Amino acid sequence: SQKIEQNSEALNIQEGKTATLTCNYTNYSPAYLQWYRQDPGRGPVFLLLIRENEKEKRKERLKVTFDTTLKQSLFHITASQPADSATYLCALLLPSGYSTLTFGKGTMLLVSP
Amino acid sequence: EPEVTQTPSHQVTQMGQEVILRCVPISNHLYFYWYRQILGQKVEFLVSFYNNEISEKSEIFDDQFSVERPDGSNFTLKIRSTKLEDSAMYFCASKFLAASSYEQYFGPGTRLTVT
Numbered sequence: 001s002q003k004i005e006q007n008s009e010a011l012n013i014q015e016g017k018t019a020t021l022t023c024n025y026t027n028y029s030p031a032y033l034q035w036y037r038q039d040p041g042r043g044p045v046f047l048l049l050i051r052e053n054e055k056e057k058r059k060e061r062l063k064v065t066f067d068t069t070l071k072q073s074l075f076h077i078t079a080s081q082p083a084d085s086a087t088y089l090c091a092l093l094l095p096s097g098y099s100t101l102t103f104g105k106g107t108m109l110l111v112s113p
Numbered sequence: 001e002p003e004v005t006q007t008p009s010h011q012v013t014q015m016g017q018e019v020i021l022r023c024v025p026i027s028n029h030l031y032f033y034w035y036r037q038i039l040g041q042k043v044e045f046l047v048s049f050y051n052n053e054i055s056e057k058s059e060i061f062d063d064q065f066s067v068e069r070p071d072g073s074n075f076t077l078k079i080r081s082t083k084l085e086d087s088a089m090y091f092c093a094s095k096f097l098a099a100s101s102y103e104q105y106f107g108p109g110t111r112l113t114v115t
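The listed protein sequences correspond, in order, to chains A and B.
Quick note on numbering: my numbering labels position 72 of the first sequence as 72, and the sequence is numbered without any gaps.
Quick note on numbering: my numbering labels position 94 of the second sequence as 94, and the sequence is numbered without any gaps.
None of these hints come from the bench; they were simulated from the model.
Since the model is a prediction, treat every value here as computed from it, not as a measurement.
A couple of the hints might just be wrong.
As the list claims (entries may be wrong) - Taking lysine-lysine pairs in the BS3-like style, the calculated list, with each CA pair at most 30 Å apart, reads:
| no. | chain 1 | residue 1 | chain 2 | residue 2 |
| --- | --- | --- | --- | --- |
| 1 | A | K71 | B | K42 |
| 2 | B | K42 | A | K3 |
| 3 | B | K57 | A | K105 |
| 4 | B | K83 | A | K105 |
| 5 | B | K83 | A | K63 |
| 6 | A | K105 | A | K63 |
| 7 | A | K71 | B | K57 |
| 8 | A | K17 | B | K42 |
| 9 | A | K3 | A | K55 |
| 10 | A | K63 | A | K3 |
| 11 | B | K83 | B | K57 |
| 12 | A | K55 | B | K42 |
| 13 | B | K42 | A | K57 |
| 14 | A | K3 | B | K57 |
| 15 | B | K83 | A | K57 |
| 16 | B | K42 | A | K105 |
| 17 | A | K17 | A | K55 |
| 18 | B | K42 | A | K59 |
| 19 | A | K105 | A | K55 |
| 20 | B | K57 | B | K42 |
| 21 | A | K17 | B | K57 |
With the hints as constraints, model all of the structure from the sequences given.
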């Protein structure tokens, strides 16, 4: 069966450290993988997209890697801040269709001062 | 910055009643979506809409659900006869037309509570 798994439900780290979140998927062949941020009671907010032929993408303190052989993406937040505390969602975009997203359950990140 | 808006923010209804959830997508976007998120669970795709018709729908989107773009700005989701298990947060999203654009913009959601 098709599955998207994000490494843990919650991750606690100290301010200033690098947070690393994992997204693993099975029985999918995504064309793109996206990461979204979701704050409590709010809609997801797009952060980064990486294509199947890209290994790494960066945006400010964020970095995403994509390994289609391992079927895994890693999402890094460097120099983390308490304001980074949120749930981070991995979403797959399949080659066919109208850009519908298939989401993982998310990892809740808590950055402590 | 343009944003997707949704009304109401919270809707309480009794089982068996019809509800209409409303969304105003970003004005130059042409792909529209509804997703839902049951409390504590993942965001799930319901339906996508393009060129005034449904382009894709999930297994969740059965005959009780319908979508409409009644005018140039609104995009609605109707649930004909609500069930307890329809209680969830419903998110509308929109996307720009360009083939190279895959970012979806989500609204703040409507929390639907069915009693």
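Going down the list of hints, with the structure as the test:
1. The hinted pair formed by K71(A) and K42(B) meets the criterion: a straight-line CA distance of about 20 Å does not exceed 30 Å.
2. Taking the CA atoms of K42(B) and K3(A), the gap is near 12 Å; set against the 30 Å cutoff, the hint holds.
3. Straight-line distance between C-alpha atoms of K57(B) and K105(A) comes to about 20 Å, which keeps the hinted pair within the 30 Å bound.
4. Distance check on the hinted pair: K83(B) and K105(A) sit about 23 Å apart at the alpha-carbon level, within 30 Å; holds.
5. Of the supplied pair hints, the one linking K83(B) and K63(A) is violated, its CA atoms being roughly 42 Å apart against a limit of 30 Å.
6. Taking the CA atoms of K105(A) and K63(A), the gap is about 20 Å. The hint holds against a cut of 30 Å.
7. Among the hinted pairs, K71(A) with K57(B) is consistent with the structure: their alpha-carbon atoms are about 26 Å apart, no more than 30 Å.
8. Taking the CA atoms of K17(A) and K42(B), the gap is about 27 Å. The hint holds against a cut of 30 Å.
9. For a cut-off of 30 Å, the pair hint linking K3(A) to K55(A) stands: about 22 Å separates their Cα positions.
10. Pair hint K63(A) plus K3(A) holds up; C-alpha atoms about 23 Å apart against a cutoff of 30 Å.
11. Proximity of K83(B) to K57(B) is assessed by CA-CA distance (about 19 Å); at most 30 Å being required, the pair is judged to hold.
12. Restraint check for K55(A) and K42(B): satisfied, since their Cα atoms lie roughly 26 Å apart, inside the 30 Å limit.
13. In summary, the hint linking K42(B) to K57(A) is supported, as the alpha carbons are separated by about 25 Å, within the 30 Å threshold.
14. As the CA atoms of K3(A) and K57(B) are separated by approximately 19 Å, the hinted pair is consistent with the 30 Å bound.
15. Distance hint between K83(B) and K57(A) is unfulfilled; the C-alpha atoms sit about 43 Å from each other, more than 30 Å.
16. For a cut-off of 30 Å, the pair hint linking K42(B) to K105(A) stands: about 4 Å separates their Cα positions.
17. Taking the CA atoms of K17(A) and K55(A), the gap is about 23 Å. The hint holds against a cut of 30 Å.
18. For a cut-off of 30 Å, the pair hint linking K42(B) to K59(A) stands: about 25 Å separates their Cα positions.
19. The hinted pair formed by K105(A) and K55(A) meets the criterion: a straight-line CA distance of about 23 Å does not exceed 30 Å.
20. Taking the CA atoms of K57(B) and K42(B), the gap is near 17 Å; set against the 30 Å cutoff, the hint holds.
21. Proposed proximity of K17(A) and K57(B) is contradicted: the alpha carbons are some 41 Å apart, above 30 Å.
Hint compliance for this structure: hints 5, 15 and 21 are broken, all remaining hints hold.
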